[in-house]
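Fit chain B to the supplied structure of chain A, relying on the hints for placement.
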Amino acid sequence: MTENKFRCVVTGLGMLNAIGNTVEECWSNAVDGVCGIRETAAVDTEGCYANLAAEVKADDLDKAKHASEMDRVSKLCVKAAGEALRDAGFEITDGNRERVGVIMGSCVGGVISIEDYYRNGESAADVTKMPISAIANMVAEEYGACGVVTNIANACAAGTISIAYACDLIRAGVADAFIAGGADAFASVPYAGFLSLHALDAQPCSPFNRCSGITLGEGSGALVVESYESAVKRGAKIYCEVLGAGISSDAHHITAPRPDGEGQMNAIRRALANSGLEPKDIQYINAHGTGTAKNDEAEFLSLHTIFDESNDDLSVSSTKSMVGHCLGAAGAVEAVFSVKALTENKVPPTVGYREEDMERLAERAGKIDFRPNVARDKKMTNVMSNSFAFGGNNASIIFSREAGNVTLPETREDVYVTGLGVVSPIGNGVENYIAKVAEASLPAEGSVHSEVGHEDYDACGLKMAFYRKLDKFSQLQAVSGMEALKNASLTVSDENATDIGIVVGTSDGPIATVCDFQQDLVRKGNAAGSAFKFPNTVYNAAGGYLSICSGIKGYNVTVTNGMQSGLSGIAYACNIIRAGQENAVLATGTDENGEIITSLYNKLGCVSASAHPAYAGQDGFVLSDGSTTLVLESGKSVAKRGVTPYAKVTGYGMTRADIRFGTVRGSEGAMADAIRLACEDAGISASDIDAVVGFANGMKAFDETEIAAYRAVFGDEKLAAVPIHNVKDLVGESRAAAAALSAGHAALMLAGKLEEVQNAYRYENGAVKAGKVSTAAYRRVLVTSVAAGGSCCAVVLERA
Amino acid sequence: MNANEQKIADRIKELLCENLGIDADVLTDEIALFGDEIGLDSIDSMEIIACIDDEFGVSMTGTGKENFYNVESLAKYVAAHQG
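Chains as they are written, first to last, in this note's numbering: chain A, 326 to 1125; chain B, 738 to 820.
Among the hints, a few may not be true.
[To be verified] Example chain B residues on the side facing chain A (calculated, C-beta under 10 angstroms, incomplete): (1) 772; (2) 774; (3) 777; (4) 783; (5) 784; (6) 800; (7) 803.
[As the list claims (entries may be wrong)] Once the Cα atoms are required to be at most 27 angstroms apart in a straight line, the calculated BS3-like pairs of lysine-lysine come out as: (8) B:802 x A:558; (9) A:761 x A:605; (10) B:744 x A:382; (11) A:619 x A:858; (12) A:692 x A:605; (13) A:858 x B:750.
Hints listed in this document are in silico derivations from the structure and should not be mistaken for laboratory results.
The structure displayed is predicted, hence computed values, not measured ones.
Ideal Cβ positions, reconstructed from N, Cα and C, are used throughout, including at glycine.
So that you can see chain A by itself, here it is in the shape it has in the complex (with noise of 0.2 angstroms):
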């Protein structure tokens, strides 16, 4: 049976959607069969072929505190989270909220913020408002937890991840507490992408029957998850155990699942490794059943193979009939609709059978209960939730009414660097990074960016068939990703694919492919959205086309929360390698810069005229862009290959500041709190570090609350004597790819891969002064980055 220490429940619910506003409305709707989809009026629908959508009917989603300053989409994942605490009883307190985390999935964000950006006159307020960054943010702000905050934006398996992730934390030690979910709202982008792909039924969407086609929906689910000793701890009720997820990759296409199923299957056969559960075990699964063909098939196939043999009581459904496709909010809202159908004991029904549509469903369904139009009461102990997303991303999560069997390895794990990649506006390629380092020249302007080449391209196998689909910020990734892989000498093969895993961590995503998407249809028209350009607008996009083209099969998130993504990414990764669920993994930092990038920073009013070093005093940085990707290896692993590794990556902490999303001052106790964090986790103390690289950037906000962060870990006389190093003076602010380049820097001087004396800056007597330090003895180097919003992460890399 799971040990204590490693059992997670759910101890609150919250929800909202087409058919309810509460936990309780939904559950009651979905038990009678109630369909939410309607003609919408939100979007403009002239001239498209399907009018429909599943939208949500709140009118007080602007009760939140900051609701001005918040997209759509965050006040539905406020009003959630909301319901989900007070369900739980939690209380957010000071005693307490550096052990509560905020973890939200999302696929689209704030699209909405965008298409008024186009359309009113691209006002400041709305830029802030755009990103997925924002939601978890706006949820954190409004509880104030001050944990881990971070958002995960695989698409349509984004809420399933967010709770998986938030349970593998709670089990790593790292927190007491999440609220965790997702959430998306329904927006021209979206329904004119769909649209473009021929994927919108023009009828109410019809899954495991018609399969014509998805209806959007929109809506958040949140969900409290807590170790089972706060839950005691706090007298708290316990709706069930969550207990093993299951992620894998398709590396197959970026918008169509594998016809074989066999993505869908790893992900389903991990979530029940991971329980200690069996296929006999399972009682109820709420599927994917988004009502696209080749989705309802691939699903069938992948339920059939592994549930025929050994369950003769599985039923399944498709709450989306009655919900619409909820997209990043779809696999939170089925794990609510899933715990109450657990606990309930009670399998909602898929809605929309007429009765000459049942003989090809008994044809279809087989043994499994499919459970057409009408609710079914029946006795459960085990449910499972499936999420199976564009990109290739499969997610499977099991929830229980007893504690199961979940494990993790009595050690844990060593992790190693043994690759790097490196895209920077410097050059590309990690031995050009090396003799750039050695030049040392600022970059050219305040706003500089990467470019990706035929001969980057022919480096790494891609040919153009496959590359001339990708936009700048998948085309960065995929340059630095099949690099870092020949670089770590690491081959991926049919025996390996579902060994190594992909963490790319980003700050703005797509975002500018976004807008370019949106700016099509406020000239055109939502009929007029490019088919081309659409699976590009979601942020994994660029972490499926990485699984794509190099066969990589196993864990797959994109993970997005600001600046230091890059550098929490490498704690994501860490965590997945140490609990033993993969051998290796790409963790990656990944920014685009272009011309819409450019112009939404420059709204803000943080982008410098020219180039200037750090700790210059400006009111600005240098903004750039790149792709670092670092390979992450287990001790085993790297054993095994017989491999050099670069360094080791023995420490992470992660916290949140209690301060506004979008800034940054005042973050410097969270960043110190979460550089002892990454001490006490390498088993060191502050005064074991050699040096840091560090994440100022020539903008005083930033550089000030670093170097306050510094002086209340280090004291002022330590201080004096550990070099900051910093990276940014070379690449620029390329923000997640500066955070995880950042860390690819210290592995190379721990290495003594770089010259022995290297540029460093020093504060002592009360300022920063710049210098030449000698690298040479260095042990244990410390990386740290911040996100405007107040999230600060801190690594400690040590030499292998």
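What follows is chain B alone, placed relative to chain A:
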């Protein structure tokens, strides 16, 4: 191709490079669009239909696959159906 068809073909090439990310130095009038090198798929064909409708006012929805074989066949179809 006659002069008119060639003019249409040149414009189609520009549109395909711009909208489908194809490298201009590879895209000839004759190269197979759905072959290994360029590798168009069903999503791309929807995009071609939209582009051609937009640019030339010719609807290719539901027309035979053979018209999409290469730039030349697209240009000939457009030339024959332009009003």
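Status of the hints after comparison with the structure:
The interface hint given for residue 772 of chain B holds, since its Cβ lies 9 angstroms from the closest Cβ of chain A, which is under the 10 angstroms cut-off. Given hint, residue 774 of chain B at the interface with chain A, holds; its Cβ is 6 angstroms from that chain's nearest Cβ, closer than 10 angstroms. The criterion of a C-beta within 10 angstroms of any C-beta in chain A is met by residue 777 of chain B, whose closest approach is roughly 8 angstroms, and the hint holds. Nearest Cβ of chain A to the Cβ of residue 783 of chain B: about 5 angstroms, under the 10 angstroms cut. The hint holds.
Evaluation of the residue 784 of chain B hint against chain A yields a held restraint, the C-beta minimum of about 4 angstroms falling below 10 angstroms. Because the closest C-beta pair between residue 800 of chain B and chain A is about 16 angstroms apart, greater than 10 angstroms, the hint is violated. The beta carbon of residue 803 of chain B is not positioned within 10 angstroms of any beta carbon in chain A (closest approach about 21 angstroms), and the interface hint is therefore violated. Among the hinted pairs, residue 802 of chain B with residue 558 of chain A is inconsistent with the structure: their alpha-carbon atoms are about 67 angstroms apart, more than 27 angstroms.
The straight-line distance between the Cα atoms of residue 761 of chain A and residue 605 of chain A is roughly 58 angstroms, outside the 27 angstroms bound, and the hint therefore fails. Between residue 744 of chain B and residue 382 of chain A, the direct Cα distance comes to roughly 53 angstroms. Violation of the 27 angstroms bound is thereby established for this hinted pair. At roughly 21 angstroms between alpha-carbon atoms, residue 619 of chain A and residue 858 of chain A fall within 27 angstroms of each other, so this suggested pair holds. For the hint pairing residue 692 of chain A with residue 605 of chain A, the CA-to-CA distance comes to about 13 angstroms; that is within 27 angstroms, so the pair holds.
The hinted pair formed by residue 858 of chain A and residue 750 of chain B meets the criterion: a straight-line CA distance of about 18 angstroms does not exceed 27 angstroms.
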